[in-house]
Amino acid sequence: MKKRQISDDSLNRIIKYLVITLLGLAIIFIAIQFSDFWTWILNAIKAVIVPVGLSYLVALVVFPIIKYLEKKGIGPRGFSLGIVFVLTAALIFATFKYLGPKITEQITTFFNRDFQTITVYFQTDLRDDFIFGTQIYDQVSSYIADTDIINTTLNQVIPNLISYFTSSLIPMIMTIMLLPILLIFYLLDYEMISERIRSIIPSKHERDYTELGARLNNTIGAYLRGQLSLVVILGFVATIVYRLIGLKYYLIFGVLVGVTNVIPYFGMIIAALPPTIYAMIAGTGPGPVLVLAVNGIMQFFEGNFFQPYIMGKNLSLHPIVVIMSILFFGSLFGAVGIILASPITASIREFFIFIRQRRKRKEIKHDVEVDSS
Amino acid sequence: MIKKDRQRIYSQFDINVILFFLSMIFFIPIVLVFTYIFEVDQLLNINTFMFWLLITNFILMLIGFFSLMIRKEKLIRQVKPTYRVEFFYVILLFSFGILGFIVLYDYMGGNRKYIANILVVVFVASVYALIYLGKKYFKFYYMKKK
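Protein chains in written order, with the working numbering: chain F, 1 to 373; chain C, 1 to 146.
Just chain F, same shape as in the assembly (with noise of 0.2 Å):
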């Protein structure tokens, strides 16, 4: 039998696939070693990407009310800037003003009254409401006395949590002082900022890239503008709901609806759990089944009515997807990659249909060139 011969060709970019694999492997050896000036750099970049990266996401939910207000002859550019800073400080301060004492009154009352009232319930009342009966919780309150779990996180994770935002205090003031500047110059300039962007690209590539940069700044700000408004909405039409229905902290449980609807799906099932146990554990007010009902209706207009109206087209991912985007970048980037997750799983979507659709005019280009040679 004749044997198989490989090209020159296929052997030279075997070659080639080869020493690129064996030198970004050394690359990563050297870097290894290196470790302690590496994390130097790291911590130089993070310090100048966390601010940069912030001022721009709030610049793609700002921009088209600037834009907007320019349209309509409030201008120049300065005038309408300075319109929008104002009215945001004002909000800011109104909601602070007005809000922050009532729930700073709430969690104090919560603190005082009610606290008390679950601890003893979770040490004696809930063994008599127990589901599976008496001895099973007999059996799991042992197991959890014996191997002392809860004393063991709790010492793990409270210093953690301490050193980590005392260490990350400092950065954080600094990129709060920060952003209201960068934002400013980023805002006046915005146009000839991008300009200067795209110039540095090849002029080869320019005009792909500048459509892949616009189609990934529509995806993130409509993702950003659009989680804003449902944060804002929920969080006032699920207060006022709690409220009319009697629930006694209502501020604390709408704001948490309005905070926690960032994380898609698990988001309304989080913000419905504290205040089913309080309703369930504090005997006056709404019963339970009442909270669940409620929070049941606010989900259905969730994902039913304001969801599709203002996340649109751009953001349309299947739930499984969401779902999975969450638990991989939950595990990658924590807090912020839950948060984070939806748009970043719609932006490389977004980049495999520009991909695609970059390949399919290429071949019709091809196509063409070929019919009319």
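Keep in mind that the hints are not guaranteed to be accurate.
What the hints assert, rightly or not - Label-pair distances were calculated between CB atoms; the ranges are: (1) C:42 <-> F:210: 52 to 58 Å; (2) F:82 <-> C:14: 37 to 43 Å; (3) C:52 <-> F:288: 35 to 41 Å.
Hint data in this document are derived by calculation from the structure and do not stem from the laboratory.
Yeah, the Cβ is synthetic: ideal placement off N, Cα and C, and Gly gets one too.
Once you've looked at the hints, dock chain C against the given chain F.
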């Protein structure tokens, strides 16, 4: 020959009229909803507050009505295949407006025990109304969406 079952296409003027009257109907409830969170009922006399709201509503209605009439000719010539943004505005009006009517019921001394029951019934009615409005006027076929 023109088909009898052909759907009527509504102009921007028709849609604006619907939006305007819905806004006027839901004006007081929506203001009440926003003030409910800040517990205005404990700061002000709610009857006086509602009286001033009613007067504001009347003035806004007059201004809106005349501005619609002035722009009628221009708006009547504008037609869109679907009124997506306008429909989203209606959804917002319904969401907050319905809650506002329940706040109104609470202010008028209605029994709080029945609020949950009223909420569920009104919710079902509003979903039906939204689907109907979306299909007939805003050309938004909600049920055929997926």
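Consistency of the hints with the structure:
For the pair residue 42 of chain C and residue 210 of chain F, the beta carbons lie near 56 Å from each other, so the given range of 52 to 58 Å is met. Evaluation of the 37 to 43 Å hint for residue 82 of chain F and residue 14 of chain C yields a pass: the beta carbon distance comes to about 39 Å. For residue 52 of chain C paired with residue 288 of chain F, a C-beta distance near 40 Å keeps the hint of 35 to 41 Å intact.
Checked against the numbered hints above, the structure breaks none of them.
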